[in-house]
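Residue strings, one per chain:
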Amino acid sequence: RKEVEQDPGPFNVPEGATVAFNCTYSNSASQSFFWYRQDCRKEPKLLMSVYSSGNEDGRFTAQLNRASQYISLLIRDSKLSDSATYLCVVTSSGGFKTIFGAGTRLFVKA
Amino acid sequence: EAQVTQNPRYLITVTGKKLTVTCSQNMNHEYMSWYRQDPGLGLRQIYYSMNVEVTDKGDVPEGYKVSRKEKRNFPLILESPSPNQTSLYFCASSLIAGDYNEQFFGPGTRLTVL
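Same order as they appear, the protein sequences are chains A and B. Its first residue numbered 1, the first sequence is counted upward by one per residue in the numbering used here. Its first residue numbered 1, the second sequence is counted upward by one per residue in the numbering used here.
Hints may contain errors.
[Said to hold, decoys possible] Computed list of lysine to aspartate or glutamate pairs in EDC-like fashion (alpha-carbon distance at most 20 Å, straight line): (1) A:Lys42 x B:Glu1; (2) A:Lys45 x B:Asp38; (3) A:Lys42 x B:Glu30; (4) A:Lys45 x B:Glu53; (5) A:Lys2 x B:Asp38; (6) A:Lys45 x B:Asp56; (7) A:Lys45 x B:Asp99.
These are computed hints drawn from the structure, not numbers from a lab.
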């Protein structure tokens, strides 16, 4: 079983739709949680950190459930520019070790 | 401009021919890390460094070496490359290791080993 698991998709949604991505992790000692975004053949870039209290950044909302070892990302009012691969990322061992999920691909259509 | 640079960006080589991929950051970051990305597997951590002269293995260190003699540089060395090391490689850095530190990635190096 992979340490961080994501639905690979692809998710095909129309502009304006709301889409949700899920991620589960197996190491209960995991410490930090993130969503990164990766455009095709480019480097990953931080989208947002994920805190236990949940956090929101504009159209993006992230949630963490430590008891269920589950992380989510909600994108509201999808834009064409949201088309990318979304990577769930978990760190452990004081933040030194980083585990990436395989990513969920999103296509937003006009 | 704050950035992580990698060289070369593309490399085709043959089995057994030693190579080095360089990584450099200009942000005075303490933490640096190397990843490889393969289809369906996502990014996997090869090695990381908490500071100068301090390195440790990630999940897939076999066949790779690293060194951290200066804070800004973290080269990845393949002493005897094999075809299963054909991959897209990313270097990353963050200010310090620890909770909730954003990693900044280089543009990637696409390596093909024939």
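Taking the hints in turn, this is what the structure says about them:
1. Of the pairs offered as hints, the one joining Lys42 (chain A) and Glu1 (chain B) holds, with about 18 Å between alpha carbons and a cut-off of 20 Å not exceeded.
2. Distance check on the hinted pair: Lys45 (chain A) and Asp38 (chain B) sit about 18 Å apart at the alpha-carbon level, within 20 Å; holds.
3. For the hint linking Lys42 (chain A) to Glu30 (chain B), the alpha-carbon distance of about 24 Å lies beyond 20 Å, and the restraint is violated.
4. Annotation: proposed proximity of Lys45 (chain A) to Glu53 (chain B) is violated, straight-line Cα distance about 27 Å (limit 20 Å).
5. Pair hint Lys2 (chain A) plus Asp38 (chain B) holds up; C-alpha atoms about 15 Å apart against a cutoff of 20 Å.
6. A distance of roughly 24 Å separates the Cα atoms of Lys45 (chain A) and Asp56 (chain B); the hinted pair therefore is violated under the 20 Å criterion.
7. A C-alpha spacing of about 17 Å is found between Lys45 (chain A) and Asp99 (chain B), which places the hinted pair at or below 20 Å, so the restraint holds.
Hints 3, 4, 6 from the list above are not met by this structure, while the remaining hints are.
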